[in-house]
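Use these hints to put chain H onto chain E, whose structure you have.
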Amino acid sequence: MAALGYNPSTVYMLTFTVGAALSGLAGGVMAPLTGLLPSVGGAYIAKAFITVITGGAAVIAGTLSTATLFGTVDQIVSFASTPVLGEIAMLALALVLLRLMPQGVTGQFFRNST
Amino acid sequence: MTASGFGIGRIRWNWLAALGVLLAVLPLAYETSTPTLLAIWALFALSLALMWGYAGIISFGHAAYFGLGAYTYAIASFNIGESTVPFLLALAVPALVAAVIGAMMFYGRISDVYLGVTTLVVTLILNRFMNATAGDAYRIGNARLGGFNGIPAFPTLNVPGDPTTEVYGTAYYYVVVVCLIAAYLICRWILASSFGRALIGIRENELRMELLGYNVPAYKTAIFAVAGAMAGLAGCLFANWAEIVTPSVFSLGQTAEVLIWVIVGGLGTLVGPMIAAVVLGSLKLALGHQTTIDNSLILGAILILVVLLIPRGFAPSSVAWRRRFAQSQVRRRQARGKRRRRVALQEAEP
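One line per chain: the protein sequences are E and H, in this order.
Per the numbering used here, the very first residue in the first sequence carries number 1; after that it's consecutive.
Per the numbering used here, the very first residue in the second sequence carries number 1001; after that it's consecutive.
Next up, chain E with everything else stripped away, as it sits in the complex (with noise of 0.2 Å):
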């Protein structure tokens, strides 16, 4: 891409800015829902990473589909049992689809979108 006259740092700059301003955004949001603490972010940083991961390469649709999907398992697991088992269930999911799916969701399905 460098050879195409693009700045590689420049474009990653801009891409951290852009994340961490959303990850800015997300906080803001979840801030009247939760507590807050100097240390509330801990407690996301291995959700959005196993869903971004198991998501795939293609960010959007990917993130969707596993943000969804694990969201549903934990909240039903959690209403039928305990919150403990609901996250681990969550877990157990994101093994089994990695296992299933070693190139993430989209490198399985809608492997066109981004």
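A hint or two may mislead.
The following label-pair restraints were derived from C-beta to C-beta distances [to be verified]:
1) H:Leu1207 with E:Pro8: 18 to 28 Å
2) H:Val1159 with E:Gly19: 51 to 61 Å
3) E:Gly19 with H:Ala1335: 45 to 55 Å
Bear in mind the hints are in silico, worked out from the structure with no lab data behind them.
This one's a predicted model, so the numbers in the text were calculated from it and none came from an experiment.
Glycine is no exception: its CB is placed at the ideal position from the N, C-alpha and C atoms.
Frame of chain E, contents of chain H only:
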């Protein structure tokens, strides 16, 4: 290195002997509790360094095996009493779990960042589960899992065959140091064997090794299990040091810490991560004693500086520095020789 696949390769025995003597006389001059903990951390860092640095398997959940070792020891020692079998179980159980998870991942062709996430998920599951095991319902034999509070007051390590003689203090320090050095030598032996060379081949080019006829998933699963056993050993030693096991051994912090040690120490070396574990570990302990500034702030700053200034890690960079220094010395000597010759020539020509 020996070509036959036996032997343990080129080891600086004089360095190792000097270090051994230093570690042996350390208890005369210093208390042993902190050095014991640092040696345990070094062993933990070593296990990840072997797996990540040489086989190229990245794990964001190496704490899983550390914690499994700790929990296995605690639960088994409650049920068995005498500590020899629990000690061996604390090696075997993490190795077995690692082998199962590894086989699942590597035969399923999971690689790169997907591998990282899978290992992370396993750690998180264990962490969440162990946090939720409060109450009498969750017990294995005589051991109550204890949820967030963990398992306290289990029988600690004793002299094999004699449950009444417990190993603690200076004696325990020597046990840990011997474990660390033995683990290091085993790592070197693995890397010098044909198995270790195949691993390095896999790290460099997996497809090529596959086409050469190596069973790549089997190799990766095997090294994953070995690293799991080593992390389990570190966990077991840690449990005996702390005399309590809590779910925090499975925490993300624990996982992040060992990754940081390996990165700072230098990927692809064994000594670097161990040094980094000791240095950063003692820094963390020292910063924990003061209250003027938050210690994670300082550690974070140090890590950012390290990544920016020595991106390849401490050990490889120090080798490069030494080489550059030696070259500059040679160049200076050559320049001096040239100058002297020129002066001699001028003096010879009247």
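Status of each hint after checking the structure:
Judged by the Cβ atoms, the range 18 to 28 Å given for leucine 1207 of chain H and proline 8 of chain E holds: they are separated by roughly 26 Å. A hinted range of 51 to 61 Å holds for the C-beta pair valine 1159 of chain H and glycine 19 of chain E, which are about 56 Å apart. Separation of glycine 19 of chain E from alanine 1335 of chain H is about 52 Å and conforms to the stated range, judged on CB atoms against 45 to 55 Å.
Checked against the numbered hints listed earlier, the structure breaks none of them; every hint is satisfied.
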